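Colleague: So the chains spell out like this:
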Amino acid sequence: MKKIKKIKIKINGKIKSINQDSNLSLALKNLKIPLNKVAIELNEEIIDKKKINKIKLNKNDKIEIVHFIGGG
Amino acid sequence: MKKDSLIIANKKFNSRLIVGTGKYKNMSECAKAIKLSGAEIVTVAVRRVNISDKNKPLLMDYIDPKKITYLPNTAGCFNSKEALRTLRLAREIGGWKLVKLEVLGDKKNLFPDMIETLKSTEVLAKEGFKVMVYCNDDPLMAKRLENSGADAIMPLAAPIGSGLGIQNKINIQIIRKQTKLPLIIDAGLGQASDATIAMELGCDGVLVNTAIAKAKKPFEMALAFKNAVIAGRQSFKSGRIDKILMGNPSSPSKGII
Numbered sequence: 001m002k003k004i005k006k007i008k009i010k011i012n013g014k015i016k017s018i019n020q021d022s023n024l025s026l027a028l029k030n031l032k033i034p035l036n037k038v039a040i041e042l043n044e045e046i047i048d049k050k051k052i053n054k055i056k057l058n059k060n061d062k063i064e065i066v067h068f069i070g071g072g
Numbered sequence: 001m002k003k004d005s006l007i008i009a010n011k012k013f014n015s016r017l018i019v020g021t022g023k024y025k026n027m028s029e030c031a032k033a034i035k036l037s038g039a040e041i042v043t044v045a046v047r048r049v050n051i052s053d054k055n056k057p058l059l060m061d062y063i064d065p066k067k068i069t070y071l072p073n074t075a076g077c078f079n080s081k082e083a084l085r086t087l088r089l090a091r092e093i094g095g096w097k098l099v100k101l102e103v104l105g106d107k108k109n110l111f112p113d114m115i116e117t118l119k120s121t122e123v124l125a126k127e128g129f130k131v132m133v134y135c136n137d138d139p140l141m142a143k144r145l146e147n148s149g150a151d152a153i154m155p156l157a158a159p160i161g162s163g164l165g166i167q168n169k170i171n172i173q174i175i176r177k178q179t180k181l182p183l184i185i186d187a188g189l190g191q192a193s194d195a196t197i198a199m200e201l202g203c204d205g206v207l208v209n210t211a212i213a214k215a216k217k218p219f220e221m222a223l224a225f226k227n228a229v230i231a232g233r234q235s236f237k238s239g240r241i242d243k244i245l246m247g248n249p250s251s252p253s254k255g256i257i
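Chain order of the listed sequences is C and B.
For the first sequence, our numbering begins at 1 and goes up steadily by one.
For the second sequence, our numbering begins at 1 and goes up steadily by one.
Derived from the structure by calculation, the hints contain no laboratory data.
All values reported here derive from a predicted model rather than from experimental measurement.
Treat the hints with caution; some may be incorrect.
Calculated cross-link-like contacts (lysine to aspartate or glutamate; reagent style EDC-like; alpha-carbon spacing at most 20 Å) [stated by the list, open to error]:
| # | chain 1 | residue 1 | chain 2 | residue 2 |
| --- | --- | --- | --- | --- |
| 1 | C | K51 | B | E92 |
| 2 | C | K37 | B | D64 |
| 3 | B | K67 | B | D53 |
| 4 | C | K37 | B | D4 |
| 5 | B | K169 | B | D53 |
| 6 | B | K180 | B | E116 |
| 7 | C | K54 | B | E92 |
| 8 | C | K32 | B | D61 |
| 9 | B | K97 | C | D48 |
| 10 | C | K50 | B | D64 |
| 11 | C | K10 | B | D53 |
| 12 | C | K37 | B | D53 |
| 13 | C | K32 | B | E122 |
Isolated chain C (complex conformation) (with noise of 0.2 Å):
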């Protein structure tokens, strides 16, 4: 069996492994994030969540989920 390569990103802060060849999509399906409640950033740029599964994600990049919270 060929060994999938892993590439390294960071999630809102915290470093993440995922496969080489995984896009976007892929990466937000797997911590579940629910997309109609987010906003999604990469590299701070945001992104347009019609257009995630098009994105193939490189080594070091960086990712920010945010949503709503409590506040004044």
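Fit chain B to the known structure of chain C by using the hints.
Modeller: Positioned in the frame of chain C, the structure of chain B alone reads:
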């Protein structure tokens, strides 16, 4: 009686009380207090999703954004760049355009950095946001915000979370006189009567968080603020009597035995 709605960026609201969703013991306490307050707009913060605890309750599960207007806020931002990033993300979550801009300048007193606030207001208005702006109680700055495209002026009563009540009534009245934009007192209220005073000064609404969330009985305080805002508004609309320095008897002086 004619309906007296609060209109912000062409949207009508029946309640003139806006409440924050922070500092509550838990989400259900927050949701219940909001319901009792009658508020139709709540401020919310934009923060990272907790990716290690997926079962953490979500605000949207407790407060339905279809029924209550979420007002994303930039609390915790100390410059224009952070504030713009936060609100652009907030818009992306689900199309929110009505936002509250709050750019702080000092970690201790939490006063707004008005230069960064002004810069951010201009950019946001150009990007199509409807911006409600937290600001100092400075009439000149309020005017500049208005000219920069703000949709509501939100001067502080006193430092955020201080509970001191309105410190500068004169400035609030001057701002009221000079602007037709919604004027909403934001921050620093401590008790229900502070909200009444704000409304009697002619403000269009008040925003309260700590005074309700940290009261010994938040549910009762939520109700008290609801009633206080209604009372203050009615009082303002009723046209108060002139102040005089002498006594003026309430009973006729004729026919005294």
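Colleague: Which hints from the list above does the structure break, by number from lowest to highest?
Modeller: Violated hints: 3, 4, 5, 6, 10, 13; rest satisfied.
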